[in-house]
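Read off the chains here:
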Amino acid sequence: MRNGFSRLRLDGQALTTLAVLSVVGFLVLLPLVFLVEESLNVGDPMAFPPVDFGIANYVAIFEEDFRTVWNTVIIAVMATVMAILIGFTLAWILTRTNVPWRGQLERLMELPYYMTPLVGALAWAVIAGPKSGFINQLWKAVGGTGDIADIYTHFGIAWVMALFEGTVAFVMISASMKSMDPALEESARVMGSSKLRTTLTVTLPLVMPGVLGATLFVFAEMLGSFAAALVLGIPGRIYVITTAIWDSTLAYPPDYGRASAMGLSLFVVMFGMLTFYRRVIARGSFATISGKAFRPRPMDMGRLVWVLFSVCLLYVALAVVFPIAALLMTSLQRFATVILSQAEWTIANYQIALSLGPVRTALFNSLMLGFGVASVGVLIMAVLVWIIYRSQLRGRGAIEYLVMFPQAVPRLVFGLALLWAWLNIPIGIYGTLWLLALAYFTVMLPLGVRTIAGVVLQIDKSLEECARVCGASWGYQMRTVTLPLLKPGIMAAWLLIFMACVRELGASAFLMGPNSKVIAPSIVSAFASSGTELTAAMALIQTATVIVALVILFRVARGATKELS
Amino acid sequence: MSTVRIDVSDLVVRYGDAVAVNGVSFTVGRGQHLTLLGPSGCGKTTTLRAIAGLEQPSGGSIRIDGQAIYSAAERKNVPTEQRGVSMVFQSYAVWPHMTVFDNVAYGLRVRKQNAADIKANVERALDLVQMRHLADRGASKLSGGQQQRVALARAIAFSPTVVLFDEPLSNLDAKLRAEMRVELRELQRRLDITSVYVTHDQEEALAISDRVIVMNVGVIEQIGTPEEIYNRPRSRFVADFVGSANLVKGRRAGPDTFEAEGGTILRVAAGGAEAGTEVAIRTAYIDLVPHPGDNQLAGTVRQRMFHGDFVQYVIECAIGRLIVRRPPVNLLDEGAPVTVSFSPDHTVLLQG
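Which chain is which? The protein sequence lines are A and B, in order.
Letter 158 of the first sequence, counting from 1, is numbered 160 in the working numbering, and no numbers are missing.
Letter 34 of the second sequence, counting from 1, is numbered 209 in the working numbering, and no numbers are missing.
Among the hints, a few may not be true.
[As the list claims (entries may be wrong)] Under the rule of at most 30 Å between Cα atoms (straight-line distance), these lysine-lysine pairs were calculated in the DSS-like manner:
| # | chain 1 | residue 1 | chain 2 | residue 2 |
| --- | --- | --- | --- | --- |
| 1 | A | Lys463 | B | Lys424 |
| 2 | A | Lys463 | B | Lys251 |
| 3 | B | Lys294 | A | Lys180 |
| 4 | A | Lys463 | B | Lys294 |
[Unchecked claim] Examples of chain A residues lying across from chain B (beta carbon under 10 Å, computed):
| # | residue |
| --- | --- |
| 5 | Phe55 |
| 6 | Ala474 |
| 7 | Lys489 |
[Said to hold, decoys possible] Sample of chain B residues facing chain A (criterion: CB under 7 Å; computed from the structure):
| # | residue |
| --- | --- |
| 8 | Gly206 |
| 9 | Ala227 |
| 10 | Glu256 |
| 11 | Met262 |
| 12 | Ser266 |
| 13 | Val285 |
Everything labelled a hint here was simulated from the structure, so no lab data went into it.
Positions of the beta carbon are idealized from the N, C-alpha and C atoms, including for glycine.
Sequences and hints are given; from them, build the entire structure.
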């Protein structure tokens, strides 16, 4: 019974789907196609398009870059183990014990996420760098000889990565702990099992899929992480895949073929891990996830709660308080020292940072990009979310897959792919802020779409349907019901995208041109060329700018909402 | 003017390759209260949503007061908001970002009534559901029962002629549900609205309807008054789904006799199905003292369960084990010999 008007509708649908798919595909997949082509280029690395093809670039990874691959794996494994330990411990303390101020502590655990690994790595270079690092200074001041701390090592890089990924592991593991029905444990206790036995035979097996999922996810992230290895690895000549990619494009002549081959290999591995992760999450949840959020009955830990409480605070201190304090101290001195009697206090570093034209332009550019990409981005993402989760459009599954795809591509590799694509596409946006805007929008797609979708999925469809039944047109329904309900989600997505743009490093590193500088890569190059004091000042200026911008925006947004109501 | 308000004819709704509603036809008279009853997945909610315009049918027609609001033949599909029907949703769908007043006023504002009329109509609707004192409260701060009342007030505030109910009571606890049932029935009589009500609760369906349609796997099993559905189930499905019944297998032996497996002859009600192989006997219609003119069988009490409002016995007799529900007086002991007795009128031959 396919009658005429439904076929017409189908054609309209097919066109819409095709249009959306081709635009998103152009943004997401095309750069990778160029990257594949370049990775097979064995002739002149600067020839576009390449003429000689072969797999020499891939072979070279195993022959010449074996050390890099080994470093990457060893650092990622160490960092994953530490991050999961941190995440599991914190999740257990905050969901299953009667630790005091649980709510506030849980809020505190978000802070490392706002710190970013770049700022964290710079701070830890100041704290635990060899010779001039604060720990070593103190060690010498009390009469020790040599260095007791060196952050420029495999372990040091893994340590910083773990500190900042620990909060991600915490969120994922505590979600799986929270979604467990306490009756499952209670029935074990009723059957006569002890606390310990219950934990071992019921709790752990039920939480395991969540932990395994978090491990896979974190490991994939570690393989693709860039900032910590860049800041802490290069001084000690410890290269991981991401920094090796970066390095081979800086060499003369730049070896884009080799960089592309490494980038693609990394992408394939990460993609595999994330696919496996999705499988684990989809299958391994047993019956613990029932959609309901339970509040498991916390275990009474007696006096031990204060130890657990300190563990939580220690994490926040290591990931947030010490780093910020170290950066502050460094940025306010002429020569960074932790021995206060020798300190020469000055605000010259801030004056220099703000008077340097490039720094000011970079900061301004980043804020502009953040504002623009977030504002235009959320509108497009809201439409995408509506298409994917609310419309009956055929092929919306494919759109969802494409939109979420950038998540599986390391930022740096995506930046490289875009660089190569836009060197080849005869539209002159290479080296301009437009290319950065396009790149930011594409890499932020999963973040924005997921945030908005989270709110859309919570809105019961019948809330919209009811408006129609009451006689409202589609426009009236959107204005009076859908958009007001979506507002918190759209605002949250805006803020997250804005923040992520102002801090973007991986994609920006390749796409920034002399006339389109942005702040995060500028901080990295300052660290390589100027002193730590100036770099610390720049990092803090960036952090402070983001905070100020967010506070202003919150105020404005709140004012606007008040006027409306 | 005809007395038919809603006319659904040969309605078909497909989801991809699955057929949710497969050729359903019925009419609802003015002021009538019709209930679609069936297990989940039987197509009752889909039928209701098709009337509201929230599902796109693939065949048949739906008319209100003679006007086609959907017709496959005429290629007509009036959008939801222009159909003039109203609906109470299972989840209530009370908008959390508005006050109770704004929720109820929504349909009136869409219809561009002036402020004074809106106020008067909202207050009238809130009075009907006894919620006027909460008019200024935010909708997110209401209990389930209160939300249900707001949803009801919102649905009747703009004086629609047709109101659709999608399992409106299923999220309430048992006691509140029983109260709301009484209120709904009362409200419906006072407002003279035509309504279509969807539920999977057979007790609810029998209690509040003028007519009941029992649906199963996308088709109508039986249409009738609650009494007809209960006393004269047409099929095994209806006998089993509505109320509780004993089903006895066998074959038709004469114009008004039925031979149960094992050879016992039962007299059955006239007008049953032609070639039935099963009869239904409601558990409430079997007595344990013999009545003249009844089917009578000797048996033994196998089990007794005291439920308070009634006592349920399992009686072993020549046609198998019968479940019997009696008032909780003159209790019989397990093992006691009894005579089961039930009228031929209540021995209903089912369609094969």
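Inset, instruction - Report holds or violated for the interface hint on Gly206/B, using the least CB-CB distance to chain A and a cut-off of 7 Å. - result: 21 Å, violated
Inset, instruction - Identify whether the interface hint at Ser266/B stands, where standing means a beta carbon of chain A within less than 7 Å of its own. - result: At about 5 Å, which falls below the 7 Å cut-off, the nearest Cβ of chain A leaves the hint on Ser266/B intact, so it holds.
Legend entry - Phe55/A as an interface hint toward chain B, with CB separation required under 10 Å: At about 44 Å, which exceeds the 10 Å cut-off, the nearest Cβ of chain B leaves the hint on Phe55/A violated.
Inset, instruction - Against chain B, run the beta carbon of Lys489/A and see if the smallest gap drops under 10 Å. - result: 9 Å, holds
Legend entry - Interface hint for Ala474/A, Cβ within 10 Å of any Cβ on chain B: 5 Å, holds
Legend entry - Minimum beta-carbon distance criterion (7 Å), Met262/B to chain A: Holds. Min distance 4 Å.
Inset, instruction - Against chain A, run the beta carbon of Val285/B and see if the smallest gap drops under 7 Å. - result: 4 Å, holds
Legend entry - When the least beta-carbon distance from Glu256/B to chain A is tested against 7 Å, hint result: With Cβ-Cβ at 5 Å, under 7 Å, it holds.
Inset, instruction - Decide if the proposed pair is consistent with the structure: Lys463/A and Lys424/B, CA atoms, cutoff 30 Å inclusive. - result: 46 Å, violated
Legend entry - Satisfaction of hint between Lys294/B and Lys463/A, Cα-Cα up to 30 Å: Holds: Lys463/A and Lys294/B sit about 28 Å apart, inside 30 Å.
Legend entry - 30 Å Cα cutoff - pair Lys463/A, Lys251/B: 25 Å, holds
Inset, instruction - Answer holds if the nearest beta-carbon of chain A is closer than 7 Å to that of Ala227/B; otherwise answer violated. - result: This hint holds: Ala227/B lies near chain A, its Cβ roughly 6 Å from the closest one there, short of 7 Å.
The structure shown violates the earlier hints numbered 1, 3, 5, 8.
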